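Number of protein chains: 2
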Amino acid sequence: MAKDEIIFQTIGMIHSPHQELTGMPIQPASAAGVKGTVVVDPAFEEGLKDLDGFSHVILVYYFHQAKLADLLVKPFLDDEKHGVFATRAPRRPNGIGISVVKLLVVEGNMLRVENLDVLDGTPLLDIKPYVPDFDKQEGVRIGWLEQSRGEIDKKMSDNRFID
Amino acid sequence: MAKDEIIFQTIGMIHSPHQELTGMPIQPASAAGVKGTVVVDPAFEEGLKDLDGFSHVILVYYFHQAKLADLLVKPFLDDEKHGVFATRAPRRPNGIGISVVKLLVVEGNMLRVENLDVLDGTPLLDIKPYVPDFDKQEGVRIGWLEQSRGEIDKKMSDNRFID
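Same order as they appear, the protein sequences are chains A and B. According to my numbering, the residues represented by the first sequence are 1 to 163, in order. According to my numbering, the residues represented by the second sequence are 1001 to 1163, in order.
Certain hints may be false.
As the list claims (entries may be wrong) - Below are the DSSO-like pairs computed for lysine-lysine, each with C-alpha atoms no more than 30 Å apart in a straight line:
id: 1; chain 1: B; residue 1: 1081; chain 2: A; residue 2: 154
id: 2; chain 1: A; residue 1: 49; chain 2: B; residue 2: 1081
id: 3; chain 1: B; residue 1: 1049; chain 2: A; residue 2: 155
id: 4; chain 1: A; residue 1: 74; chain 2: A; residue 2: 49
id: 5; chain 1: B; residue 1: 1154; chain 2: A; residue 2: 136
id: 6; chain 1: A; residue 1: 136; chain 2: B; residue 2: 1136
id: 7; chain 1: B; residue 1: 1155; chain 2: B; residue 2: 1074
id: 8; chain 1: A; residue 1: 74; chain 2: A; residue 2: 155
id: 9; chain 1: B; residue 1: 1155; chain 2: A; residue 2: 154
id: 10; chain 1: B; residue 1: 1136; chain 2: A; residue 2: 49
id: 11; chain 1: A; residue 1: 136; chain 2: B; residue 2: 1081
id: 12; chain 1: B; residue 1: 1049; chain 2: B; residue 2: 1154
id: 13; chain 1: A; residue 1: 136; chain 2: B; residue 2: 1155
id: 14; chain 1: B; residue 1: 1136; chain 2: B; residue 2: 1049
id: 15; chain 1: A; residue 1: 74; chain 2: B; residue 2: 1155
id: 16; chain 1: A; residue 1: 155; chain 2: B; residue 2: 1136
id: 17; chain 1: A; residue 1: 155; chain 2: A; residue 2: 81
id: 18; chain 1: B; residue 1: 1154; chain 2: A; residue 2: 81
id: 19; chain 1: B; residue 1: 1136; chain 2: A; residue 2: 154
id: 20; chain 1: B; residue 1: 1154; chain 2: A; residue 2: 49
id: 21; chain 1: B; residue 1: 1081; chain 2: B; residue 2: 1155
id: 22; chain 1: B; residue 1: 1049; chain 2: A; residue 2: 81
id: 23; chain 1: B; residue 1: 1074; chain 2: B; residue 2: 1035
id: 24; chain 1: A; residue 1: 35; chain 2: B; residue 2: 1154
id: 25; chain 1: A; residue 1: 74; chain 2: B; residue 2: 1136
id: 26; chain 1: B; residue 1: 1155; chain 2: B; residue 2: 1136
id: 27; chain 1: A; residue 1: 49; chain 2: B; residue 2: 1074
id: 28; chain 1: B; residue 1: 1136; chain 2: A; residue 2: 81
id: 29; chain 1: B; residue 1: 1049; chain 2: B; residue 2: 1035
id: 30; chain 1: A; residue 1: 155; chain 2: A; residue 2: 49
id: 31; chain 1: B; residue 1: 1136; chain 2: B; residue 2: 1081
id: 32; chain 1: A; residue 1: 154; chain 2: A; residue 2: 49
id: 33; chain 1: B; residue 1: 1154; chain 2: A; residue 2: 74
id: 34; chain 1: A; residue 1: 49; chain 2: B; residue 2: 1155
id: 35; chain 1: A; residue 1: 35; chain 2: A; residue 2: 154
Claimed, not checked - The following label-pair restraints were derived from C-beta to C-beta distances:
id: 36; chain 1: B; residue 1: 1104; chain 2: A; residue 2: 108; range: 38 to 48 Å
id: 37; chain 1: B; residue 1: 1020; chain 2: A; residue 2: 43; range: 38 to 48 Å
id: 38; chain 1: A; residue 1: 4; chain 2: B; residue 2: 1112; range: 18 to 28 Å
id: 39; chain 1: A; residue 1: 141; chain 2: B; residue 2: 1120; range: 22 to 32 Å
id: 40; chain 1: B; residue 1: 1104; chain 2: A; residue 2: 148; range: 22 to 32 Å
What the hints contain is simulated information worked out from the structure, not anything from laboratory work. Predicted model, so just to flag it, every value in this text is computed and none were measured. Cβ coordinates follow ideal geometry from the N, Cα and C atoms, glycine included.
One chain only, chain A, in its complex shape (with noise of 0.2 Å):
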């Protein structure tokens, strides 16, 4: 199979009070409360339009910082090794993240969004309406993070997935 090049655009940027890699929320159940903003470039804003109906907001961006890809890693929240498809690590294939923040206001060209897990300076790709109909889902097993459910809400980075 053709490993074909795919070329996106940065289209704003996530700022976020997280400056290090080190000691920052690894999801947003683990960043209650912290705000940041989403500066999307003018070129773009008209596309933020009836985006302040949505109570929350799927932000879709590129872990700038994970630039090498591990297909087996220890996450942070296990010591054992994983595949990185079993994983939300950030140091994957494609550098792709996805964090369901809460949207606090929209003005202008930039949203006030909450629970915001991300590093500051994140290079943003796509923003999504979160939809329970169509994002959420019952029955779910969810592996190896069993054990860890008790973590995710305080559990904080470390320097393993830093070049």
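With the hints as your guide, set chain B onto chain A.
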């Protein structure tokens, strides 16, 4: 703000019964029971280790048939124009699609999945485990989509995003 280019590579391909952009389910909720396969390039097979413990996965893929971007779109569920970032329409500045599907089984480098709303031959960018603690939100408002909720599970696509 500089529009930096970010280059990703196809890591596999999604195979589904959906051969045409018209008349296909617009979301996993309207693709109940539709089965398909996700074939990961053998070079990345090791990254699938332990994925079989998860009941649902997030497929991240490239809307390869929707190359033009519109900032205002009429989504399948409405006849009013909304900002593209307030919709899940395929014709986006960066054509990144996200679908949460049911994982039936992992066989080597192949995943059998269900509730598949993706066009046959779609390039795969990433697979992530679906984890309710990370991805599921409560107390959600869904803006303009509220009036269309009853249609989501039976709505099929038409030709509005065909170039």
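Right, here's what the structure says about each hint:
1. Taking the CA atoms of residue 1081 of chain B and residue 154 of chain A, the gap is about 41 Å. The hint is violated against a cut of 30 Å.
2. Distance restraint check for residue 49 of chain A and residue 1081 of chain B: the Cα-Cα separation of roughly 9 Å lies within the 30 Å cut-off, and the hinted pair is therefore satisfied.
3. With a CA separation close to 23 Å, the supplied pair residue 1049 of chain B and residue 155 of chain A stays within the 30 Å bound.
4. For the given pair, residue 74 of chain A sits about 40 Å from residue 49 of chain A by alpha-carbon distance, which is inconsistent with the 30 Å threshold.
5. Taking the CA atoms of residue 1154 of chain B and residue 136 of chain A, the gap is about 17 Å. The hint holds against a cut of 30 Å.
6. The suggested pairing of residue 136 of chain A with residue 1136 of chain B holds, with an alpha-carbon distance near 6 Å, which does not exceed 30 Å.
7. Restraint check: the Cα-Cα separation between residue 1155 of chain B and residue 1074 of chain B comes to about 14 Å, which is no more than 30 Å; the hinted pair holds.
8. Under the criterion of a C-alpha separation no larger than 30 Å, the hint pairing residue 74 of chain A with residue 155 of chain A is consistent with the structure, at around 14 Å.
9. Proposed proximity of residue 1155 of chain B and residue 154 of chain A is contradicted: the alpha carbons are some 40 Å apart, above 30 Å.
10. Taking the CA atoms of residue 1136 of chain B and residue 49 of chain A, the gap is about 24 Å. The hint holds against a cut of 30 Å.
11. Proposed proximity of residue 136 of chain A and residue 1081 of chain B is supported: the alpha carbons are some 25 Å apart, at most 30 Å.
12. A C-alpha spacing of about 35 Å is found between residue 1049 of chain B and residue 1154 of chain B, which places the hinted pair above 30 Å, so the restraint is violated.
13. Taken as a hint, the residue 136 of chain A and residue 1155 of chain B pair is honoured in the structure, with Cα atoms around 18 Å apart against an allowance of 30 Å.
14. For a cut-off of 30 Å, the pair hint linking residue 1136 of chain B to residue 1049 of chain B stands: about 24 Å separates their Cα positions.
15. Between residue 74 of chain A and residue 1155 of chain B, the direct Cα distance comes to roughly 41 Å. Violation of the 30 Å bound is thereby established for this hinted pair.
16. Between residue 155 of chain A and residue 1136 of chain B the CA atoms are separated by roughly 18 Å; this keeps the pair inside 30 Å, and the hint holds.
17. For the hint pairing residue 155 of chain A with residue 81 of chain A, the CA-to-CA distance comes to about 18 Å; that is within 30 Å, so the pair holds.
18. Between residue 1154 of chain B and residue 81 of chain A, the direct Cα distance comes to roughly 41 Å. Violation of the 30 Å bound is thereby established for this hinted pair.
19. A C-alpha spacing of about 17 Å is found between residue 1136 of chain B and residue 154 of chain A, which places the hinted pair at or below 30 Å, so the restraint holds.
20. Of the pairs offered as hints, the one joining residue 1154 of chain B and residue 49 of chain A holds, with about 26 Å between alpha carbons and a cut-off of 30 Å not exceeded.
21. Between residue 1081 of chain B and residue 1155 of chain B, the direct Cα distance comes to roughly 18 Å. Compliance with the 30 Å bound is thereby established for this hinted pair.
22. Annotation: proposed proximity of residue 1049 of chain B to residue 81 of chain A holds, straight-line Cα distance about 9 Å (limit 30 Å).
23. Straight-line distance between C-alpha atoms of residue 1074 of chain B and residue 1035 of chain B comes to about 28 Å, which keeps the hinted pair within the 30 Å bound.
24. Pair hint residue 35 of chain A plus residue 1154 of chain B does not hold up; C-alpha atoms about 37 Å apart against a cutoff of 30 Å.
25. Between residue 74 of chain A and residue 1136 of chain B the alpha-carbon distance is near 24 Å, which keeps this suggested pair within the 30 Å criterion.
26. For the proposed pair residue 1155 of chain B and residue 1136 of chain B, the alpha carbon gap of about 23 Å is at most 30 Å, so the pair holds.
27. Simply put, residue 49 of chain A and residue 1074 of chain B have alpha-carbon atoms about 12 Å apart, close enough for the 30 Å limit, and the pair holds.
28. Between residue 1136 of chain B and residue 81 of chain A the CA atoms are separated by roughly 25 Å; this keeps the pair inside 30 Å, and the hint holds.
29. For the hint linking residue 1049 of chain B to residue 1035 of chain B, the alpha-carbon distance of about 22 Å falls within 30 Å, and the restraint holds.
30. As the CA atoms of residue 155 of chain A and residue 49 of chain A are separated by approximately 35 Å, the hinted pair breaks the 30 Å bound.
31. Proposed proximity of residue 1136 of chain B and residue 1081 of chain B is supported: the alpha carbons are some 27 Å apart, at most 30 Å.
32. Note on residue 154 of chain A and residue 49 of chain A: the hinted pairing is violated, with a Cα-Cα distance of about 35 Å set against a maximum of 30 Å.
33. Under the criterion of a C-alpha separation no larger than 30 Å, the hint pairing residue 1154 of chain B with residue 74 of chain A is inconsistent with the structure, at around 41 Å.
34. Between residue 49 of chain A and residue 1155 of chain B, the direct Cα distance comes to roughly 23 Å. Compliance with the 30 Å bound is thereby established for this hinted pair.
35. Of the supplied pair hints, the one linking residue 35 of chain A and residue 154 of chain A holds, its CA atoms being roughly 17 Å apart against a limit of 30 Å.
36. Look at residue 1104 of chain B against residue 108 of chain A: about 45 Å separates their beta carbons, and that is inside 38 to 48 Å.
37. The hinted range of 38 to 48 Å is not satisfied by residue 1020 of chain B and residue 43 of chain A, whose Cβ atoms lie roughly 32 Å apart.
38. For the hinted restraint 18 to 28 Å between residue 4 of chain A and residue 1112 of chain B, the CB-CB distance of approximately 24 Å keeps it satisfied.
39. In this structure the supplied range 22 to 32 Å holds for residue 141 of chain A paired with residue 1120 of chain B, their Cβ-Cβ distance being about 28 Å.
40. As the Cβ distance of residue 1104 of chain B to residue 148 of chain A is approximately 25 Å, the hint placing it in 22 to 32 Å holds.
Hints 1, 4, 9, 12, 15, 18, 24, 30, 32, 33, 37 from the earlier list are contradicted by this structure; the remaining hints agree with it.
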